[in-house]
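Protein chains in written order, with our numbering: chain H, 1 to 154; chain B, 1 to 154; chain F, 1 to 154.
In case anyone wonders, no lab produced these hints; they're calculated from the structure. It cannot be assumed that every hint is accurate.
What the hints assert, rightly or not - Per the computed footprint, the stretches of chain H lying under chain F, defined by three or more beta-carbons under 8 Å from a beta-carbon of chain F, are:
{"hint": "1", "segment": "23–32"}
{"hint": "2", "segment": "37–46"}
{"hint": "3", "segment": "137–144"}
Unchecked claim - A few chain B residues that face chain F, going by a derived Cβ cut-off under 8 Å, partial list only:
{"hint": "4", "residue": "Asn-57"}
{"hint": "5", "residue": "His-81"}
{"hint": "6", "residue": "Ser-84"}
{"hint": "7", "residue": "Leu-85"}
{"hint": "8", "residue": "Val-94"}
{"hint": "9", "residue": "Phe-104"}
{"hint": "10", "residue": "Gly-105"}
{"hint": "11", "residue": "Ser-115"}
{"hint": "12", "residue": "Gln-127"}
{"hint": "13", "residue": "Ala-131"}
{"hint": "14", "residue": "Ala-132"}
{"hint": "15", "residue": "Val-133"}
{"hint": "16", "residue": "Ala-136"}
{"hint": "17", "residue": "Leu-140"}
Said to hold, decoys possible - Just the calculated beta-carbon pair ranges, DEER-fashion:
{"hint": "18", "chain 1": "B", "residue 1": "Glu-89", "chain 2": "F", "residue 2": "Glu-89", "range": "39 to 49 Å"}
{"hint": "19", "chain 1": "F", "residue 1": "Glu-80", "chain 2": "H", "residue 2": "Pro-16", "range": "42 to 52 Å"}
{"hint": "20", "chain 1": "B", "residue 1": "Pro-16", "chain 2": "H", "residue 2": "Ile-13", "range": "51 to 61 Å"}
{"hint": "21", "chain 1": "F", "residue 1": "Glu-80", "chain 2": "H", "residue 2": "Asn-57", "range": "25 to 35 Å"}
Beta carbons: idealized from backbone N, C-alpha and C, even for Gly.
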Amino acid sequence: MTGIADRLQELGITLPAPPPPAGLYVPALQSGDMLYISGQVPLQDGKVIETGKCGDNITVERGAELARHCTLNALAIAREHLGSLDRIEQVVRVGGYVASAPGFGQQPQVINGASKLLLDVFGDAGQHARAAVGVAELPLNAPVELEFIFRVTQ
Amino acid sequence: MTGIADRLQELGITLPAPPPPAGLYVPALQSGDMLYISGQVPLQDGKVIETGKCGDNITVERGAELARHCTLNALAIAREHLGSLDRIEQVVRVGGYVASAPGFGQQPQVINGASKLLLDVFGDAGQHARAAVGVAELPLNAPVELEFIFRVTQ
Amino acid sequence: MTGIADRLQELGITLPAPPPPAGLYVPALQSGDMLYISGQVPLQDGKVIETGKCGDNITVERGAELARHCTLNALAIAREHLGSLDRIEQVVRVGGYVASAPGFGQQPQVINGASKLLLDVFGDAGQHARAAVGVAELPLNAPVELEFIFRVTQ
């Protein structure tokens with residue numbers, strides 16, 4: 001059995017440095033076997049990669065890329081917390097918040113950018129429940145924010 | 001003690017077919033004794049019953065009916081996952097997202113359409129914590145979306 | 001070791017009466033060792049202290065004060081449910097919803113009003129995962145809503 005580090009390499013993925021929290025919270029909090037990852041916006045080198053709203057200046061495809069990037073940040077945080085991503089037994093829930101222009105209803109397609117990455121990396125263990133909604137505004141005017149619950153080995 | 005199937009019959013409720021997910025996620029994910037149901041919009045036969053916003057073209061009463069419909073979909077999903085709704089020990093949390101026109105502040109009354117059904121069906125086991133918020137837009141331009149956590153027998 | 005009641009006194013905090021729920025849900029639902037607190041708006045004596053939106057009539061500083069007030073309500077609910085706040089082992093997750101005017105991106109600074117109180121009261125046990133988003137509207141036109149998960153002794 002190959003581990004997740006090998007799988008990331010196969011996929012050509014190098015995780016970023018885990019971004020620091022944007023407020024008075026921790027990036028990850030474990031309670032029993034549940035690991036809660038705080039809301040991630042598409043930060044890179046301390047800045048949001050791109051600001052705006054889906055259905056306005058951000059296309060569905062671009063939104064999905066940014067959702068993927070949020071997920072890479074979350075995996076970097078989980079790896080730092082757990083020591084190894086092999087300790088993730090199951091992705092449990094993904095919460096997806098999409099900053100949405102009036103009339104935009106393709107939040108699921110945007111959040112699929114996160115879900116696809118989780119399935120690619122974890123296979124069956126990457127399957128998850130999900131809620132995707134369209135919000136008015138997000139921190140730092142980000143177009144998308146994602147939070148996660150993982151079940152982990154203790 | 002009568003079961004939930006009898007209770008549904010007493011209430012004149014026939015559950016719909018469980019709607020397929022709208023993206024790369026599963027309708028229900030169980031972790032230990034917690035069953036997470038993915039966000040449900042008021043789908044019927046593959047289409048949202050009615051689009052729009054509460055406080056605009058959707059009245060509070062209509063919004064509550066649609067919230068009830070989302071909950072029927074969630075129960076259909078739970079039944080398919082669990083085999084029987086008798087395995088639900090407790091509704092734990094309901095997350096309610098209401099697509100809201102400017103100035104609309106009656107999200108609780110809309111989400112009561114979901115909560116009332118849960119109480120009618122499960123009695124004390126239907127009591128739950130809840131968050132209700134007013135969002136900008138929802139998938140497929142639905143007026144309401146609901147997600148659920150149930151505690152179940154393993 | 002002093003308890004949380006002493007700590008509240010040191011901080012000059014008197015908890016309010018726990019506000020009643022605004023709909024057909026319970027203020028707190030415990031499942032195993034997890035206590036879910038329902039969404040709290042800044043109610044005082046049955047009324048929202050102030051209505052409006054952050055980035056419009058509500059400044060970041062005022063929003064943070066209102067977020068703190070939501071948290072006091074949540075602690076009052078938790079104390080009533082648990083008998084004593086000493087039974088809180090860990091704050092696990094904070095969900096923060098900020099009613100946001102167009103272009104407002106400082107949701108984290110608003111929700112810090114809740115996070116700071118939790119850290120002041122509980123110390124390390126007050127550290128938590130968090131998601132903060134900007135929503136279109138909130139119940140009773142409140143500027144902010146907060147929900148919580150606490151891990152408690154059984």
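Now for the hints, and whether the structure bears them out:
no. : hint                               : result
1   : 23–32                              : holds (count 9)
2   : 37–46                              : holds (count 3)
3   : 137–144                            : holds (count 6)
4   : Asn-57                             : 16 Å, violated
5   : His-81                             : 18 Å, violated
6   : Ser-84                             : 20 Å, violated
7   : Leu-85                             : 17 Å, violated
8   : Val-94                             : 7 Å, holds
9   : Phe-104                            : 5 Å, holds
10  : Gly-105                            : 4 Å, holds
11  : Ser-115                            : 4 Å, holds
12  : Gln-127                            : 5 Å, holds
13  : Ala-131                            : 3 Å, holds
14  : Ala-132                            : 6 Å, holds
15  : Val-133                            : 5 Å, holds
16  : Ala-136                            : 4 Å, holds
17  : Leu-140                            : 17 Å, violated
18  : Glu-89/B with Glu-89/F: 39 to 49 Å : 23 Å, violated
19  : Glu-80/F with Pro-16/H: 42 to 52 Å : 44 Å, holds
20  : Pro-16/B with Ile-13/H: 51 to 61 Å : 40 Å, violated
21  : Glu-80/F with Asn-57/H: 25 to 35 Å : 47 Å, violated
When the structure is compared with the earlier hints, violations turn up for hints 4, 5, 6, 7, 17, 18, 20, 21 and for no others.
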